[in-house]
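Just so you know, the protein sequences line up as chains A and B, in that order.
Just so you know, the first sequence maps onto residues 1 to 603 in our numbering.
Just so you know, the second sequence maps onto residues 1 to 429 in our numbering.
Some clues are possibly wrong.
To be verified - Example chain B residues on the side facing chain A (calculated, C-beta under 8 Å, incomplete):
| no. | residue |
| --- | --- |
| 1 | 97 |
| 2 | 258 |
| 3 | 260 |
Claimed, not checked - Think about it this way: if two alpha-carbon atoms lie no more than 25 Å apart in a straight line, the pair counts; the simulated DMTMM-like pairs of lysine to aspartate or glutamate are:
| no. | chain 1 | residue 1 | chain 2 | residue 2 |
| --- | --- | --- | --- | --- |
| 4 | A | 575 | A | 361 |
| 5 | B | 246 | A | 361 |
| 6 | A | 567 | B | 149 |
| 7 | A | 558 | B | 116 |
| 8 | A | 567 | B | 223 |
| 9 | B | 246 | A | 531 |
| 10 | A | 549 | B | 63 |
| 11 | A | 558 | B | 19 |
| 12 | B | 353 | B | 334 |
| 13 | B | 311 | B | 19 |
| 14 | A | 558 | B | 63 |
It should be emphasised that the hints constitute simulated quantities derived from the structure, not laboratory data.
Beta carbons: idealized from backbone N, C-alpha and C, even for Gly.
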Amino acid sequence: MGVDQSKIRNFCIIAHIDHGKSTLADRIIEMTGLLTSREMQDQVLDNMDIERERGITIKAQTVRTVYRSRSGEEYIFNLIDTPGHVDFNYEVSRSLAACEGALLIVDAAQGIEAQTLANVYMAIDHNLEIIPVINKIDLPSADPQRVIAEIEEVIGIEAHDAPQISAKLGVNIEEVLEQIIAKIPHPKGDPDAPLQALIFDSLYDSYKGVITFCRIMEGTVRKGTQIKLMSTGVVSEVVEIGTFGPGRFIPCDELSAGMVGYIIAGLKNVKDTRVGDTITDAKRPCAHPLPGYKKVLPMVYCGMYPADGAKYPDLRDALEKLQLNDAALQFEPETSAALGFGFRCGFLGLLHLEVVQERLEREFNLDLVTTAPSVIYRIHKTDGQVIELTNPTNMPDPSEIEYMEEPFVSAEIMVTTEYVGPIMTLCQERRGVYLGMEYMEERRAILRYELPLNEIIYDFFDALKSRSRGYASLDYEFKGYVMSNLVKLDILINREEVDALSFIVHADGAYERGRKMCEKLKEEIPRHLFEIPIQAAIGSKIIARETVKALRKDVLAKCYGGDITRKKKLLEKQKEGKKRMRQIGNVEIPQKAFMSVLKLDDQ
Amino acid sequence: MKNKGMNNANNNQRTWKKDLRLYVHVPFCVKKCDYCDFLSGPSDEEGIESYFEALYKEVGSYEGRTGDYKVSTVFIGGGTPSCVRSEYIARLLEELKRVFEFSSGDGSLEPEITIEANPGTVDKDKLADYRKAGINRLSFGLQSTHDRELRLLGRIHTYREFVENYRLARELGFGNINIDLMSALPGQELSSWEETLGRVTELGPEHISAYSLIIEEGTPFYERYGPEGKQKDELISEDLDRLIYKRTREILEKYGYIRYEISNYARPGYECRHNMAYWEGALYLGFGLGAASFIENTRFRNTDSLEEYIKAINYNDRSHKNIMSTNKPEHKNEGLLHDAYGIRRDIIQLSKKDLIEEFMFLGLRMTRGVDRLEFKKRFGVSMDEIYGNILNRLEKENLVITCGGKVRLTDYGIDVSNRILSEFLLDKC
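Kindly generate the complete structure, drawing on both the sequences and the hints.
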């Protein structure tokens, strides 16, 4: 069953969040006849609830459809969906590597945004043919001509014949499909060469095990082939292969060079099938693995503890299950004097952290206490050792530290010109290093800053949005480690150090941060029958203090017949409230206090 | 031990009757005070009449089902029960006495029958009518002896009017009078409160209830002094509030009023027997709008919609003879639990766990605390078995004292009782 490579098109869709990527994908699927519009649920490719809520795609999913062109020929389209968030850059890059072309969607009203650029550069780097598509022309504020000019100027690709569409209303989609055929090159590769396939995604299924999503670059794979995963050396026999229908798998006999499909090979562990890795034939391996593979490293860490200590095994099981489909999620056990037994978890970024947290709470019904997210610091000790610190509590005594380094990112912030000032102030507040600024047109500018990662992992994005009335957009990537004057800020509640609240901050901001944290905690901690001092300390030096006054009178004066039921309900509520508290010594601290100390931006 | 009511030698099979209390709600007032969030308000004569007609029917619907009980206290509350014509009250008590057997509490005490009265709404005739009807206790809502404060609260009377009413009550033979007082008023100073206490103790009532003002949602006070209120800074400070609260006890006890419950003080022997029912877990039946009941381990209250109350009773009354329990055996078996007019709401059956919890968090409101033997008798298990650890801990923290078979809150424990009573709720088992 030889497949005509000239009739295959492998492409993906890249776009800024909300510019209509998923809607366009839906339309393409609709128009290529495999699903009727009645059968389609909105946004077919997003099949996780959380994704639907946030309106973004988190897990990449691929669809193969068949299109009959205007000239009557049948083409196979492999649409590879890509995650849209900056946290998942690596996964995006591997999806791009599986394609020959990319549809670049730009909102006809909003125009180019920071993330559009980031992804376009990546696509250009991968030598993809880029077809610009101008979407949302149905909006009253749509200005296609302006956007076309923007694309040509800023990105430098031809856009005068870019299809102008409305994915929502289904306008002009056919033009997009025709251009895919006309402009995107068909895949090449020798079906008889040694097998060389790129893993660009994987899925864990409890019956079938790991399902790898692959683009076959060279060679052919069939049922029964002994495959080898080149980065880990794992060998296994192919049990099933096939292609993707929307929402289901369609088995077939062989996949050959140029095709996109899935391989099931009796693999149990998603860690074995790493995104970016190369699959080859164990009996006849290819000479070199495909380039671009790298191990994904977490950027952001936090502590996760079960609110009820007895649920620790449940938390562990839940994390293990999540990890089956999320190779980027890392976790290992840790303990805290304040919170008991839990895990230190690593994530690609804050969004990744939030999604995992929500899934743990919702899908696995776990009540969690999450500590503040922190980054990995590098500590150069006086004895020459270099350690990577993920948990502030483990920081060695300052006398043993020669110097410390913290991770920096290079960030691009796109903002309308009237907010350039407030945004620059924000970046300066966050210890940003100004790299430069470009005006795109009179209205918009791109600011380039280098920023410490720990200054932007929590509420930087929110602050950006609020200071620019929602018009700013952000993209960043890891740049490297920079030496910094960092100190460990400890919080003492009722004179006891609460390890879960320890924080590593830059020395310059320590006083301010300590003060704000004490203030915040004073709001969060309810009054007790005794006075509670809240202190921030660096080493043995107290740098800030607040006090929660003792409660000396709290009585219900009247309690007669009709009041009793109401009083009982109040007492029950009080009792429930206590359950959401953590006992630290004599003080009961609400769970949310642990995270709330991070929401410190004033504006 | 309890050989009460056995007053005839004829009946060999005289069973011991259960003690029952009665509460009647009269939701009418001359005018609503600015701080009040009770079920009450002004009405015209017609409204009052139709309410009482319904009330009498509600009372009547229990006829024939009350044989197991003897009533030892009655409380007519509101609103301002004293603002309606005394004929209504007299007829009400007649109905109650007709349907229920009245008796004394312990030994030879006559039933305690209380009516709440507002100064300025009673006169000689009314008070005389009350005496005739059998009322032997008056509860005056005075709140303050300073006219300025009374105006602030939106009360309809002056201090002078109250004093006149009080003297009249004494003349007419009322030997058991309570006065309600309210502290923590906006702008109040310790001195004005102490003055109020001084004046009232001088008058010498048998009972004084001293409450702190609570700003309730939905009242004019909430708008004025609530979180969004323009005058919220006029509320007294936490320190003054505590001071007032402390001084209240000191002064009242100095004048011979013993605190027997968190807010209630009395000369020895003059504790309000009716209210004790709530904290001791005694049985009570409520009549009228929103009235609460606790019988057969079941709590419920009547609807608090006046319209619903009257409609339901009038509607069902058409088939009054059918639902009257005189002949229906199953209703007789249900005793007081049968809801003849369908006016009961929020019916909750209390489990043993519920009863144990209530025994503690209500009983501890009383100064004398709760009794270990009583606990064991009611629940068949010792208090320590259920609460041993908790009591130990609370005692260490000086919140509770256990001595001589009784467990009670310390003064400090009472001050912060809201915080610790939730300890007595048990985990679901």
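Status of each hint after checking the structure:
This hint is violated: residue 97 of chain B has a C-beta 21 Å from the nearest C-beta of chain A, more than the 8 Å allowed. Checking residue 258 of chain B against chain A by beta carbon gives a least distance of about 18 Å; that is not within 8 Å, so the hint is violated. Taken as an interface hint, residue 260 of chain B does not check out: its beta carbon lies about 14 Å from the nearest beta carbon of chain A, beyond 8 Å. For the proposed pair residue 575 of chain A and residue 361 of chain A, the alpha carbon gap of about 22 Å is at most 25 Å, so the pair holds.
Only pairs whose Cα atoms come within 25 Å are accepted, and residue 246 of chain B paired with residue 361 of chain A is rejected, the gap being roughly 47 Å. Of the supplied pair hints, the one linking residue 567 of chain A and residue 149 of chain B is violated, its CA atoms being roughly 29 Å apart against a limit of 25 Å. As the CA atoms of residue 558 of chain A and residue 116 of chain B are separated by approximately 16 Å, the hinted pair is consistent with the 25 Å bound. Pair hint residue 567 of chain A plus residue 223 of chain B holds up; C-alpha atoms about 24 Å apart against a cutoff of 25 Å.
Our distance criterion of 25 Å between C-alpha atoms is met by residue 246 of chain B and residue 531 of chain A, whose separation comes to about 20 Å. Our distance criterion of 25 Å between C-alpha atoms is broken by residue 549 of chain A and residue 63 of chain B, whose separation comes to about 57 Å. Taking the CA atoms of residue 558 of chain A and residue 19 of chain B, the gap is near 24 Å; set against the 25 Å cutoff, the hint holds. For the proposed pair residue 353 of chain B and residue 334 of chain B, the alpha carbon gap of about 23 Å is at most 25 Å, so the pair holds.
Straight-line distance between C-alpha atoms of residue 311 of chain B and residue 19 of chain B comes to about 31 Å, which puts the hinted pair past the 25 Å bound. Only pairs whose Cα atoms come within 25 Å are accepted, and residue 558 of chain A paired with residue 63 of chain B is rejected, the gap being roughly 33 Å.
Hints 1, 2, 3, 5, 6, 10, 13, 14 from the list above are not met by this structure, while the remaining hints are.
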